[in-house]
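One line per chain: the protein sequences are X and W, in this order. Residue numbers are given in the numbering used here: position 360 of the first sequence equals residue 360, and the series is strictly consecutive. Residue numbers are given in the numbering used here: position 294 of the second sequence equals residue 294, and the series is strictly consecutive.
Please note that the accuracy of each hint is not assured.
Claimed, not checked - Stretch-level coverage of chain W by chain X, calculated; a stretch enters the list once three of its residues show a Cβ under 8 Å from a Cβ in chain X:
{"no.": "1", "stretch": "77-86"}
{"no.": "2", "stretch": "101-115"}
{"no.": "3", "stretch": "220-233"}
{"no.": "4", "stretch": "254-268"}
{"no.": "5", "stretch": "321-331"}
Simulated from the structure, these hints should not be mistaken for lab results. A virtual CB, placed ideally from N, CA and C, is assigned to each residue, including glycine.
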Amino acid sequence: MKVPVLWMKDYVDINDIDEKTLIEKLILTGSNNEGTHKGAAALENVVVGHITEIKQHANADKLSICQVDTGDEVLQIVTGATNIRVNDYVPVAKHGAVIADGIKIKKGKLRGEVSNGMLCSLEEMGYEKSCIPKAFDDGIFILDKPYPLGMNILEALNIDETVIEFEITPNRPDCLSVIGMAREVAASFDRKTQYPKGVIKSETGDAHDYATVEVTAPDLCPRYVARIVRNIEIKPSPVWMQFRLMHAGMRPINNIVDITNYVMLEYGQPIHAFDLDTVSDHKIIVRRAEPNEVLTTLDDKARALNEDILVIADTKKSVGIAGIMGGGNTEISPSTKNILIEVATFDKSNIRKSSKELGLRTEASSRYEKGVSVSLPPIVVNRVCELIELLGAGEVIGGMIDVYPEKREATEIPFRPEVINNVNGTNLTLDEMIEILQKLEIETVMKADIPTAVIPYYRLDLEKEIDLVEEVARIYGYDNIGKTLPAFDAWGAKTNAQRIEDIAKLELIASGVDEILTYSFVSKKDLDKINLSEDSILRNQVTLINPLGEEYSCMRSTLMPNVLEVLARNSNRKIENARIYEMGSVFLPKELPVKQLPIEKKMLTIGCYGEHEDFFTLKGIVENVLGGLGITGFLFEKEANHPTFHSGRCANIIWDNHILGTLGEVHPIVCENYDLSTRAYVADLDFNILLQITNEERKFKAIPKHPAVERDIAILVKDEITSYEVEKIVKETAGVLLESVKMFDVYKGKQIPDGYKSVAYALIFRADDRTLVDDEVNVIFENVLKVLSSELDAQLR
Amino acid sequence: MKAELEQLLKRAKSDIEVARNLKALDDMRIKYLGKKGEVTNILKGMKDVAPEDRPAMGKMVNDVRETIEVMLENYKEEKKALEIKEKLAAESIDVTMPSKQLVRGHKHPLNVALDEVKDIFIGMGYKIAEGPEVDTVYHNFDALNAPIDHPSRSLSDTFYITEDILLRTQTSPIQVRTMKQQKPPIKIIAPGRCFRNDEIDATHSPMFHQIEGLVVDKNITMADLNGTLDMFAKRLFGAQTRTKFRPHYFPFTEPSAEVDVSCFKCGGEGCRFCSGSGWIEILGCGMVHPNVLAECGIDPEVYSGFAFGMGLDRIVMMKYEIDDIRILFENDIRFIKQF
């Protein structure tokens with residue numbers, strides 16, 4: 001809401017308060033500042049001048065040479081303007097002047113003729129083109145009457161005014177008005193708001209003799225007030241009114257339209273004026289539009305209406321869309337003689353709906369849809385008539401048509417002072433509260449010994465005791481409320497699941513894996529890209545009704561596409577290696593179409609590529625994570641059928657018959673789908689299961705006191721024998737004295753028959769209670785060899 | 001014999017002085033003091049010495065032996081020190097050469113900041129609550145006193161799965177769930193992903209992160225809210241940070257406020273980060289609306305509470321001076337490795 005400060009001062013005396021104090025105080029009482037600017041630009045040396053002579057420029061068809069009297073001197077100024085005449089008073093930018101956008105004006109020559117300055121347009125004085133009256137749209141601003149020559153133009157017109165832009169929260173539509181903001185200022189500085197009187201000095205006749213109003217849809221129009229003005233003379237409104245409108249961001253049109261806009265800005269109540277002589281039978285009917293009814297609105301657009309839209313009509317046609325925009329057929333024109341001033345209340349939801357449906361949002365509709373008090377119309381219509389009389393724009397007819405079937409009573413809210421203090425943490429007395437509420441024009445009466453607040457008509461947001469709690473708090477000042485901490489005992493902690501997540505992340509970070517975060521919504525095509533079969537369960541996806549685009553159209557059912565995409569992005573940016581993980585939710589519908597909330601499952605997906613990465617580095621990372629979580633006894637079982645992975649380089653991680661996850665080298669076709677030109681590796685772990693089997697128990701094991709005995713073994717086995725099988729036999733056969741067995745070499749090639757491989761293991765033996773002797777170990781070792789040979793057909797090399 | 005001894009001592013001295021290294025010194029020890037060494041040889045000649053001269057002569061021989069021993073020992077230490085010095089000198093490196101690359105991972109900056117916020121609130125006695133990203137219209141709007149025709153409910157603001165199921169637009173549904181499941185006292189923060197129907201650009205992302213807080217008990221006041229958030233701001237942005245509570249409007253709290261902190265870049269003087277105002281808006285808060293408490297089964301006549309919420313992405317962007325939100329979700333590891 002743009003509030004011109006001089007205008008606001010009409011209603012509240014704050015001449016002793018500077019603008020900085022004003023703005024800062026209002027921020028603290030709830031009207032946040034969204035910017036401050038001057039109505040006009042910071043003009044320098046722009047003064048009132050009087051054109052005494054205009055001559056055609058001899059060397060330029062489109063230029064004229066003016067003599068302009070600025071009091072102390074007569075300046076010759078060359079101009080291209082065509083809207084000036086001798087005797088006009090105009091703004092003159094003299095040599096050395098500064099106009100809008102900081103442009104400096106210097107004297108010079110135009111086609112051989114001296115020009116000692118410039119005549120200014122409103123745009124050059126700093127006004128937005130959209131606010132400038134049509135008459136001065138394209139030319140010099142001609143003053144309405146003589147002003148002292150040489151006087152600073154801003155001073156002469158009294159338009160040196162600051163405009164403060166306030167942020168108005170949706171609960172305070174009453175503040176979308178200059179008076180509304182004046183009230184906030186008055187409450188903030190403990191002043192009294194002075195309202196316009198709305199008194200018409202001379203009125204004759206009775207409006208009811210000139211027009212009738214019928215409301216057939218009182219649910220959508222609780223109140224309709226009208227007054228009649230006759231013998232209108234359409235002309236420009238006075239300069240002071242035009243500039244106030246421009247400062248508030250509105251374009252002046254003519255006296256009648258300007259008055260309705262001016263009063264709308266004053267009170268926040270939309271107003272419409274109809275040319276009464278174009279209203280058939282002088283009868284206004286407020287009704288729902290007929291199906292397929294069409295109305296051409298003021299902006300010359302034909303609007304298709306329907307029965308949900310409320311219209312203002314006469315006996316023959318609709319003449320306006322209620323609360324949104326008037327019709328062209330009853331518009332005020334230069335020849336208008338008699339008008340009907342409409343000030344009505346419309347249902348806010350209906351206005352919002354209609355405005356949205358029509359794609360038509362206006363100053364009026366945006367106010368109506370936020371809510372306008374049903375008590376405003378009589379006050380406002382009188383104010384309009386007061387100004388019409390004051391400006392000599394027409395003869396006000398006596399009486400007021402007021403269709404108001406259901407009178408609204410003033411809201412009364414009983415309140416408990418202790419509740420106000422308890423919620424706010426304050427210690428105010430009832431009297432102090434009453435005093436604060438009075439600043440807001442809220443009177444307190446005692447009803448059966450209970451303090452009861454009588455709410456002013458314009459405060460539609462105040463309905464309950466808690467609303468008064470807030471009013472007291474904000475006027476008392478949030479910064480005057482103390483700073484304490486909640487008094488109850490509570491211990492802060494993470495849940496077990498949250499701690500386990502932290503442990504897993506720590507293991508990942510320590511393993512050199514970077515954390516990524518990707519969108520929860522993905523493209524349906526992602527599952528094709530990772531090669532998933534048509535009947536994969538992950539194809540059951542939760543889809544959005546209104547996605548940003550196909551790319552973001554369904555909730556992810558796996559993190560693998562997201563991880564692959566990030567790997568590809570990094571690789572394509574020429575980053576040589578990357579290790580990344582994401583821990584996040586996947587979404588699995590309970591049924592399709594979705595009826596209940598989907599299952600959200602936490603997944604941990606790790607990916608890597610780079611010169612030193614292979615299946616086994618990724619396996620190492622996975623083992624670090626599982627180890628960190630105290631999970632033991634898991635196995636890697638070859639998986640040849642997962643479509644996302646290389647069929648020879650993929651494994652499931654098995655723990656007690658559960659699959660904890662899958663890891664492997666990414667299938668070359670999948671890499672191709674992601675435009676990944678390097679081998680990549682991905683592990684996809686079900687973190688919900690990991691959470692359940694995490695084991696944080698640790699038991700100390702003594703550091704060995706006795707030396708170990710080491711034996712290496714190299715055997716020739718068939719290709720298909722897995723390392724796991726060899727290790728299993730070694731462990732089972734060697735028994736308790738075997739401390740560890742670890743493969744250290746695999747060899748195929750020369751001297752190794754086809755279909756065989758040579759594998760070498762280091763076996764470490766140790767006893768807790770003594771130093772082992774060779775003989776003891778030799779016996780075990782021989783036995784291991786024997787069993788390997790019988791079970792796996794292994795040959796010692 | 002005496003002359004012979006003096007000669008020997010003189011020779012030994014010069015021999016030891018010219019010995020170049022520890023090995024040469026050791027050779028000298030063998031030459032003079034070894035089993036077949038020169039001193040030993042002289043001792044062998046003692047049998048030719050008159051018995052009455054023997055003690056004196058014996059002492060003389062021993063003195064010579066000791067002198068040589070001490071000389072050898074001294075020279076040995078000197079030589080050893082010298083040799084170590086030479087070795088170290090030869091092994092000198094350029095310490096400004098690059099380090100060997102150790103692999104370590106980095107958390108995403110959003111989680112780095114989130115961890116910091118979590119730590120602060122855990123230290124103040126809060127627990128961390130979580131909830132689903134896909135939630136009901138009821139939890140996200142209805143239970144939070146959001147007007148039925150509020151624009152935020154529209155398809156142009158909120159992503160819907162069905163008429164009743166949506167992607168949460170705030171983490172407030174976690175508050176609702178917590179209040180419905182747990183009796184007061186409640187003291188939680190609720191971080192998480194949120195979604196709004198915004199086209200992606202430098203300052204908008206359809207997915208973003210919020211952290212909300214909720215405290216409900218008997219006698220919780222606006223002063224408690226002021227004190228809590230003031231302490232939080234001082235912990236997160238530094239002890240000198242000041243807070244400003246501005247009255248505001250949210251449907252789910254009353255009284256409501258927006259909180260500005262004194263600009264942590266300029267300290268409040270005014271700079272480009274705070275657009276010259278000296279203040280940066282970081283969160284919205286207020287006393288939980290009685291309608292919300294009642295809807296969640298908590299008697300507003302008995303209990304009161306406060307709630308607050310802030311955008312994690314915005315805080316991260318301000319803190320690290322990131323000017324484009326898209327980089328947070330691009331996951332270029334050169335970006336992530338900076339945190």
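Okay, the hints, checked on the actual structure:
Only residues whose beta carbon comes within less than 8 Å of a beta carbon in chain X count, and the stretch 77-86 of chain W has 0; fewer than three means the coverage is violated. Check on the stretch 101-115 of chain W: 8 of its residues sit with their Cβ under 8 Å from a Cβ of chain X, so the three-residue criterion for coverage holds. Counting residues of the stretch 220-233 of chain W whose C-beta sits closer than 8 Å to any C-beta of chain X gives 10, which meets the bar of three, so the coverage hint holds. Counting residues of the stretch 254-268 of chain W whose CB lies closer than 8 Å to any CB of chain X gives 5, which reaches the minimum of 3, so the coverage claim holds.
Residue count for the stretch 321-331 of chain W with a Cβ under 8 Å from a Cβ of chain X: 4. That meets the three needed, and the coverage hint holds.
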